[in-house]
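Please work from the sequences and hints to get the whole structure.
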Amino acid sequence: MSAPRVPRHLLALVETKIRRIAFRIAVYGLLVLIGYVFLFPLLKMLSQSLMDSRDIIDPNVILVPTRLSLANYAQAWATLNMPTSLLNSLWFSGLLAVFQTWSSAMAGYAFARFRFPGKSALMGLVLATYIIPMQVLVIPRFMVFSAYDLVGSVLPLLAVALFGQGLSGAIFILIFRNFFQMMPPSIDEAAQIDGASRFQTFVRITLAMSIPIIVVSFLFSYVWNWNETYVTGLVASGRFSTLPLELDGFVASYTRLFIKPGSTTSKLNEAVRMAGTLISVAPLLLLYAFLQRQFVEGIEKTGITGE
Amino acid sequence: MAARTVRTRDWRQRSRIRRRREAVAAYGFLAPWLIGFVLFSAFPFFYSMYLSVCEVRFTITGVQTRFIGAANFVRALVGEGQLDFVPALLEFGGMALVYTPLILVFSLVLAMLLKQRIRAKGLFRAIYFIPVIILSGPLFNEMSNNGSLHIAGISDLVFLRMVAAVSPDLMRLLLYLFNNIIVIFWFSGVQIVIFLNALQKIDHSLYEASGIDGATAWQTFWMITLPIIRPMTVLVSVYSIVQLGAFSSNAVSQIIRANLFALNIGAGYGYSAALSWIFFLLMLALIGLFFGLLRSKEKGPDAGGEAVFRVRRTGGTKR
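Each protein sequence line maps, in turn, to chains A and B. Count along the first sequence starting at 1, add 468, and that's the number in my numbering. Count along the second sequence starting at 1, add 34, and that's the number in my numbering.
Calculated directly from the structure, the hints in this document are not laboratory data. If you're wondering where the values come from, they're calculated on a predicted model, not measured in any experiment. A virtual CB, placed ideally from N, CA and C, is assigned to each residue, including glycine. Be aware that a few hints might be false.
[Unchecked claim] Mimicking DSS-like on lysine-lysine, the simulated pairs with C-alpha atoms at most 30 angstroms apart in a straight line are:
1. B:K235 x A:K728
2. A:K485 x B:K155
3. B:K155 x B:K235
4. B:K155 x A:K728
5. B:K235 x B:K149
6. A:K587 x B:K149
7. B:K235 x A:K769
8. A:K587 x B:K155
9. A:K728 x A:K587
[Unchecked claim] Quick list of the computed label-pair ranges, beta carbon to beta carbon:
10. B:K155 x A:A480: 23 to 31 angstroms
11. A:I679 x B:Q234: 31 to 39 angstroms
12. B:V72 x A:F667: 16 to 24 angstroms
13. A:K587 x B:A104: 36 to 44 angstroms
[To be verified] Chain A is nowhere near these chain B residues, computed Cβ spacing over 12 angstroms in every case:
14. I51
15. L73
16. L148
17. W256
18. W311
And the structure:
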């Protein structure tokens, strides 16, 4: 059978088409594979958390449990001190995020709108606070808080956020500065000619026009403060506990709750721990499911990548 | 004439007043941050520097500090610290040295993949960003206790066995990469998005121009994409180092915190402060290193134009 004659240019066209499709397949394949690697820890935890104690030990059961068991979740729920710790996390991170967003917006406005002596030096200090690790600052902070008998209370942490020194504070100040710089100053001037004070202009005009960036700042501040345990655990120690802190002390709490002294029952099984871990990240995943766009596209709005 | 001088003086005075008012307003807006900076950052910074050369004791009258010179640092680096702190510090330094370039490369590659015109781009981007939302110290600890950070059975891959037969070193390298890939990915979320945004802002006409000149995709990447992206690589590496350093489950942080309340002689606040300062200096060295390596040598805003020029000069592949 002789091959039908195909014009050469058509062959070339088919060739580029095939090459393009192959490239497509490779790209999708990689993206899916990488997505699997990203999600692997969560998938593994999910499957383990649903196993009963026999499946966990059985080496033949790898990812799919043979019997679904929700008992782990019930135990983990109690171990995490659940409604209380969730509520604590919810309002505590919320307040921190509000305070941090507010103080960062004010500082960012000062850097974006005004000329004043010492401006570049102060900007340098803002950036320096980003590089100084928390480990250096936490010791004296803790000493001062304990000198005023504030350890075990959330007040000092709220104060730190309200005065602009919260987690990754420099990032938020930079974000607001960049955003305000992109807004035309003529709007502010117009408001001032109409008799508004500087503060009124800031609140009623500038902030009112900056809702998208306020949302971004609030959300990032919220989840980062939610996940912070190093300083929170130290300062709020014992008396106030958030969900991630409960996860940190999971083994101890479980032992206290479910293992009677002198009993021969086996120690904490892996499935309960994984159920606890998943319960602790579930609220954030839920938040992310709804606000995914705000998070990912938020970084674009920050102007970090330049205009 | 007279009236004019008066007016000039008047104008000057008014502009001086306006400038002063502007400065007052600026400091008004900055006041909360400034107060916080002095109370919660500057003071602790210098106080911990002071503590690091002191022995701190608690008495009924309050905290007593006694200057002991470099004793805390000596203890940390050549004394008892050799048992726990020095290994942890070296481990962190090594991790930052290896992870930072890997995070840079992987996040740039992932950003370039996401930049392709594909369906469900938003979905992939959203998945890659999940760790930024949920990653916390306790979560990380649970995952590493549980073995979730290693993909099961990877060391049994036939491919790896084949590599091992040729070069055991290469095998070890690949195994290290596979064993750490999840952690590296989980620390890359923000960086991917930063690179992606930067890539999307590159003027498309640059690529068209280089295409007309016959540059291959490989050449285009090295001569156009990379030079333009370069300032971002500095930002991303600093971000990555700070992120790794701030991560609460790293052993150095744990040792610093544990020593605060340690009762054995020589430990305590002063010793902890010294540990934190050694850690800070290491962080500075790491940041300085990557800053020096990645900072672009040619300055000027026209980096893109320069890149095109270079493509033209060296010539693309001849077809």
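* Asked: Holds or violated: are the alpha carbons of A:K728 and A:K587 at most 30 angstroms from each other?
  -> Outside the cut-off at roughly 62 angstroms; violated.
* Is A:K485 close enough to B:K155, meaning Cα to Cα at most 30 angstroms? -> holds (22 angstroms)
* **Pairwise beta carbon distance, A:K587 to B:A104, judged against the given window 36 to 44 angstroms** => With Cβ atoms ~38 angstroms apart, the hint holds.
* Given the proposed pairing of A:K587 with B:K155, does the C-alpha separation stay at or below 30 angstroms? -> violated (41 angstroms)
* **12 angstroms cut-off, C-beta based - B:L148 kept clear of every residue in chain A** => Non-interface label on B:L148 violated, nearest chain A Cβ at 8 angstroms vs cutoff 12 angstroms.
* Quick one, are A:K587 and B:K149 close enough, alpha carbons at most 30 angstroms? -> Cα-Cα ~38 angstroms, so violated.
* Confirm or reject the statement that B:I51 sits farther than 12 angstroms, beta carbon to beta carbon, from all of chain A. => At roughly 14 angstroms from the nearest Cβ of chain A, B:I51 sits farther out than 12 angstroms, so the non-interface label holds.
* Within 16 to 24 angstroms or not, the Cβ separation of B:V72 and A:F667? -> Holds, at about 22 angstroms.
* Asked: Under the criterion that the straight-line Cα-Cα distance not exceed 30 angstroms, is the pair B:K235, A:K728 satisfied?
  -> Given that 30 angstroms is the threshold and the Cα spacing comes to 62 angstroms, the pair is violated.
* Status of the stated non-contact between B:W256 and chain A (beta carbon gap over 12 angstroms) -> holds (19 angstroms)
* Should the label of B:W311 as a non-interface residue stand, given a Cβ cut-off of 12 angstroms to chain A? -> Violated, since 6 angstroms does not exceed 12 angstroms.
* Are B:K155 and B:K235 close enough, with their CA atoms no more than 30 angstroms apart? -> holds (17 angstroms)
Violated hints for the displayed structure, listed by number in ascending order: 1, 4, 6, 8, 9, 11, 15, 16 and 18.
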